[in-house]
Amino acid sequence: MENKNKERPNFFERLKFGLAKTRNSITSRVDELVKYYREIDEEFFEELEETLILADVGIETTEDIVNYIKKRVKEEKIGDVTKIKDLLKEKITSILAEDSSNPESKDRPTVILVVGVNGVGKTTTIGKLANRYRKTGKSVLVAAADTFRAAAGEQLEIWCKKAEVPLVKHEDKSDPAAVVFDAIQSAKSRKVDVLLCDTAGRLHNKKNLMNELEKINRIINREYPAANKEVLLVVDATTGQNAIAQASIFKESVDITGIVLTKLDGTAKGGVVIAVKSQLGIPIYYLGVGEDMDDLQPFDPKAFVEALLN
Amino acid sequence: MAFENLADKLQSALKKLTGKGKLNEKDVKAAMREVRIALLEADVNFIVVKDLIKKITERAVGTEIMESLTPGQQVIKIVNEELTALMGGTQSKITMSPKSPTVIMLVGLQGSGKTTHAGKLAYYFKKQGKNPLLVACDIYRPAAIKQLQVVGEKAETPVFEYGKNDPVLIAREALKFAKNNNHDIVLIDTAGRLHINEELMEELNSIKNKVHPHEILLVVDSMTGQDAVNVAQSFNEQLGIDGLILTKLDGDTRGGAALSAKAITGKPIKFSGIGEKLEDLEVFHPDRMASRILGMGDVLTIIERAQAKIDTKKAQEMEKKLLTQSFTLDDYLEQLEQVKNMGSLQDILSMIPGMNAKKMSGIQIDEKQIPRTQAIIQSMTPEERSKPSIINASRRKRIAAGSGTRIQDVNQLLKSYEELKKLMKQMTSMTKGMKKGKIKFPFM
Ligand SMILES: Nc1nc2c(ncn2[C@@H]2O[C@H](COP(=O)(O)OP(=O)(O)OP(=O)(O)O)[C@@H](O)[C@H]2O)c(=O)[nH]1
Ligand SMILES: [Mg+2]
Numbered sequence: 001m002e003n004k005n006k007e008r009p010n011f012f013e014r015l016k017f018g019l020a021k022t023r024n025s026i027t028s029r030v031d032e033l034v035k036y037y038r039e040i041d042e043e044f045f046e047e048l049e050e051t052l053i054l055a056d057v058g059i060e061t062t063e064d065i066v067n068y069i070k071k072r073v074k075e076e077k078i079g080d081v082t083k084i085k086d087l088l089k090e091k092i093t094s095i096l097a098e099d100s101s102n103p104e105s106k107d108r109p110t111v112i113l114v115v116g117v118n119g120v121g122k123t124t125t126i127g128k129l130a131n132r133y134r135k136t137g138k139s140v141l142v143a144a145a146d147t148f149r150a151a152a153g154e155q156l157e158i159w160c161k162k163a164e165v166p167l168v169k170h171e172d173k174s175d176p177a178a179v180v181f182d183a184i185q186s187a188k189s190r191k192v193d194v195l196l197c198d199t200a201g202r203l204h205n206k207k208n209l210m211n212e213l214e215k216i217n218r219i220i221n222r223e224y225p226a227a228n229k230e231v232l233l234v235v236d237a238t239t240g241q242n243a244i245a246q247a248s249i250f251k252e253s254v255d256i257t258g259i260v261l262t263k264l265d266g267t268a269k270g271g272v273v274i275a276v277k278s279q280l281g282i283p284i285y286y287l288g289v290g291e292d293m294d295d296l297q298p299f300d301p302k303a304f305v306e307a308l309l310n
Numbered sequence: 311m312a313f314e315n316l317a318d319k320l321q322s323a324l325k326k327l328t329g330k331g332k333l334n335e336k337d338v339k340a341a342m343r344e345v346r347i348a349l350l351e352a353d354v355n356f357i358v359v360k361d362l363i364k365k366i367t368e369r370a371v372g373t374e375i376m377e378s379l380t381p382g383q384q385v386i387k388i389v390n391e392e393l394t395a396l397m398g399g400t401q402s403k404i405t406m407s408p409k410s411p412t413v414i415m416l417v418g419l420q421g422s423g424k425t426t427h428a429g430k431l432a433y434y435f436k437k438q439g440k441n442p443l444l445v446a447c448d449i450y451r452p453a454a455i456k457q458l459q460v461v462g463e464k465a466e467t468p469v470f471e472y473g474k475n476d477p478v479l480i481a482r483e484a485l486k487f488a489k490n491n492n493h494d495i496v497l498i499d500t501a502g503r504l505h506i507n508e509e510l511m512e513e514l515n516s517i518k519n520k521v522h523p524h525e526i527l528l529v530v531d532s533m534t535g536q537d538a539v540n541v542a543q544s545f546n547e548q549l550g551i552d553g554l555i556l557t558k559l560d561g562d563t564r565g566g567a568a569l570s571a572k573a574i575t576g577k578p579i580k581f582s583g584i585g586e587k588l589e590d591l592e593v594f595h596p597d598r599m600a601s602r603i604l605g606m607g608d609v610l611t612i613i614e615r616a617q618a619k620i621d622t623k624k625a626q627e628m629e630k631k632l633l634t635q636s637f638t639l640d641d642y643l644e645q646l647e648q649v650k651n652m653g654s655l656q657d658i659l660s661m662i663p664g665m666n667a668k669k670m671s672g673i674q675i676d677e678k679q680i681p682r683t684q685a686i687i688q689s690m691t692p693e694e695r696s697k698p699s700i701i702n703a704s705r706r707k708r709i710a711a712g713s714g715t716r717i718q719d720v721n722q723l724l725k726s727y728e729e730l731k732k733l734m735k736q737m738t739s740m741t742k743g744m745k746k747g748k749i750k751f752p753f754m
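In order, the protein sequence lines correspond to chains A and B. With our numbering, the residue at position 62 of the first sequence is 62, and numbering never jumps. With our numbering, the residue at position 173 of the second sequence is 483, and numbering never jumps.
Keep in mind that the hints were calculated from the coordinates and are not lab data. All of these numbers come straight from a predicted model, not from anything done at the bench. Here a beta-carbon is modelled for each residue, glycine too, at the ideal position from N, C-alpha and C. Fair warning: there could be bad hints in the mix.
Said to hold, decoys possible - Listed next, the in silico DSS-like pairs over lysine-lysine satisfying Cα-Cα at most 25 Å (straight line):
#	chain 1	residue 1	chain 2	residue 2
1	B	K474	A	K161
2	A	K207	A	K229
3	A	K215	A	K191
4	B	K456	A	K161
5	A	K71	A	K85
6	A	K302	A	K71
7	A	K162	B	K474
8	A	K206	B	K474
9	A	K215	B	K456
10	B	K456	A	K162
Stated by the list, open to error - So these bits of chain B aren't anywhere near chain A, every CB distance computed over 12 Å:
#	residue
11	K339
12	S407
13	H595
14	A711
So here's chain A without its partners, still in its complex pose (with noise of 0.2 Å):
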């Protein structure tokens, strides 16, 4: 929702008024224990995995992160219940770091396929994307790969006359494949630098519908072998442990190779992509903080702990 009148906060406002929630709630917790808690005790292991669980790591990947932090208190003889914070932080911080540059780093032409559950927000993101990267200088081409969804076509549409970058669009219903097909086609004549390729919404347990998202990632293997092709996954912040399933057999069909967080400008944490970090592998690219074109952020995994524990 556009609120025009009001002053845009800068980037690092935005961020932490994204991630602001996220913070308050997790950092005013650890606090709480801290101050509550004078030594570490069982106990007190057992509110941090609470901790952990209400903002959606999930129970594995929770008890993970906190037999490591048993493990190093014990190692090391730490009292002091301040560092748990410390060790919280470098402990997340870790397991998100590797391996999480984003598609920009990439020089060649790149073919970005965006998929993921109903709803999740991809044909925004596909609209906070294309203005990105038009913004810093790269041509962009959007396809309109959803001919499923109702009014799909159109909504993307108007993203893509905001973002000011041209689309390719079928009729409804016709073969998104086919979609995708002219798109390349397109996008080779025209030399762009960056292709989105927006899908229908699908949940991942529907085999049909993952063949056709398997057959459009074929089309643009076989049609563009030259480019730097990417599959993002959109993952609502507020989903739970299946985030893990989602991220786990999209990564069968198509293999994901990031992940865009978005709706983090709610209460939910988005602690999950913890765990489909740890578990799967797949690194972070992108959060989305809002509704406008640009509450959209490069992931930067300090930052994102540290506005997470801080």
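Given the coordinates of chain A, work out where chain B with the ligands should sit on it, guided by the hints.
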């Protein structure tokens, strides 16, 4: 996923508990550790889990273990009952206004599925002979009005739109329009919004105060995590909701959000969305949801059905035969007849956690064929029935001729028998934690 075998986990957590009698505190505590993990993996909110575990523990400690259940199954039964109770027990319906039109407003976060479900509800009421009207109050999201129009067309329901005017004005005009055009149901689609966006929450209140909806339904994505409680609580406190719609249940999420949202608001879940098509809307079933959250398939249903239908003594004999590898074709036939009383064997097998299509692929049992199976087996000599391995090609030919079937049918039957035997062996070792002589299923 670790979670798929809560039954197994409970079984092994309570393995040592071999005697009959009551569940003691220590056993229950061990079981609750597994239940807690299961609920958390299902995204049930942490606080809700805490309360539940406390309640279940209180109830479970000292409970007599039923004659026919293992301690693990006894615990599952209690957990399941508590979950079902928490989820509302029975289904709820939409409250119809005595004075037409009934106004229903859909609210919720972005991307939860409001527009799609407005369309599904229109279709649902249409089928009941009502004359619904859809109202486009999402003036923010690009092409939202268009989306509702497309959906409305499919549902053969007119859509009232007034461009990007104030949603309060749109709602008011829509209500007038509905009255003038004999629409008895008005379905208001609103823009997705964050529960912490005060301005937009205020907008909902203004619409509410203008058109006085009879039902305000919060649309919640079933994949929502721990945040479901914050969302549901905020919407309920700031606006007041009458019920919930749980969407995208056709996915593979455990759907703990359902329990969280229900527990925190006390408002019933009225519908569930189970697909992208108009007809993919169901009245919500709390009991099914409970088993789903537990990741148990319908294991409880099996327990109940089995308890009711199976002759326990016969089941015990059968188990002994299985263990001593003396399971014959006669036994096989008897099994089939018992199973006939319980429902489709394939159905029953598929309800067992850990059972999947692959494991079942070798077995083709169609209970409609039981008479034929009977005929085939009856055409065998007693020796053949107790020692099927001696049935060679010429015997098969004779049996087929004698029973008026084809050789393929005889082959298929023998194959099914072997597969079932194999499977039962597997399952017997899988559930070796179970008390001896307490086997519940004829094929276990
Ligand atoms: N608050 C907030 N809302 C967002 C964000 N990203 C997307 N949305 C909203 O979420 C809703 C769904 O976004 P879409 O971009 O249509 O999602 P999609 O994944 O393309 O949806 P389908 O194509 O229907 O599967 C819209 O109302 C968006 O405005 C975000 O970062 N924050
Ligand atoms: Mg879309």
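Discussion item. Would the hint linking K215 of chain A and K191 of chain A be met if the CA-CA limit is 25 Å?
Written reply: Given pair K215 of chain A, K191 of chain A holds - Cα atoms ~24 Å apart, limit 25 Å.
Discussion item. If I take the minimum Cβ distance from A711 of chain B to any residue of chain A, is it greater than 12 Å?
Written reply: At about 43 Å from chain A, A711 of chain B clears the 12 Å cut-off, so the statement holds.
Item to complete: Quickly compare the C-alpha distance for K456 of chain B and K162 of chain A to 25 Å and report which way the hint goes.
Response: Distance ~18 Å between K456 of chain B and K162 of chain A Cα, so the pair holds.
Item to complete: Given the hint that K456 of chain B pairs with K161 of chain A, test it: the Cα-Cα distance must not exceed 25 Å.
Response: Given pair K456 of chain B, K161 of chain A holds - Cα atoms ~17 Å apart, limit 25 Å.
Practice prompt. With a cut-off of 25 Å on the C-alpha distance, tell me whether K302 of chain A and K71 of chain A pass.
Written response: 23 Å, holds
Item to complete: Evaluate the condition: distance from the CB of S407 of chain B to the nearest CB of chain A exceeds 12 Å.
Response: S407 of chain B is indeed farther than 12 Å from all Cβ atoms of chain A, at 29 Å.
Worksheet item: Given the hint that K206 of chain A pairs with K474 of chain B, does the C-alpha gap stay at or below 25 Å?
Response: Answer violated: K206 of chain A to K474 of chain B is near 36 Å, above 25 Å.
Discussion item. For K339 of chain B, is the shortest CB-to-CB distance to chain A above 12 Å, so the non-interface label stands?
Written reply: 14 Å, holds
Discussion item. If we take the beta carbon of H595 of chain B, is the closest beta carbon in chain A still more than 12 Å away?
Written reply: The assertion about H595 of chain B holds, with a minimum of 20 Å to chain A.
Worksheet item: Given the proposed pairing of K215 of chain A with K456 of chain B, does the C-alpha separation stay at or below 25 Å?
Response: With a Cα-Cα distance of about 29 Å, the restraint between K215 of chain A and K456 of chain B is violated, given a limit of 25 Å.
Worksheet item: If you draw a straight line from the CA of K207 of chain A to the CA of K229 of chain A, is it 25 Å or shorter?
Response: 23 Å, holds
Discussion item. Holds or violated: K71 of chain A and K85 of chain A, Cα atoms, limit 25 Å.
Written reply: 15 Å, holds
Going down the numbered hints, you'll see the structure goes against 8, 9, while the others check out.
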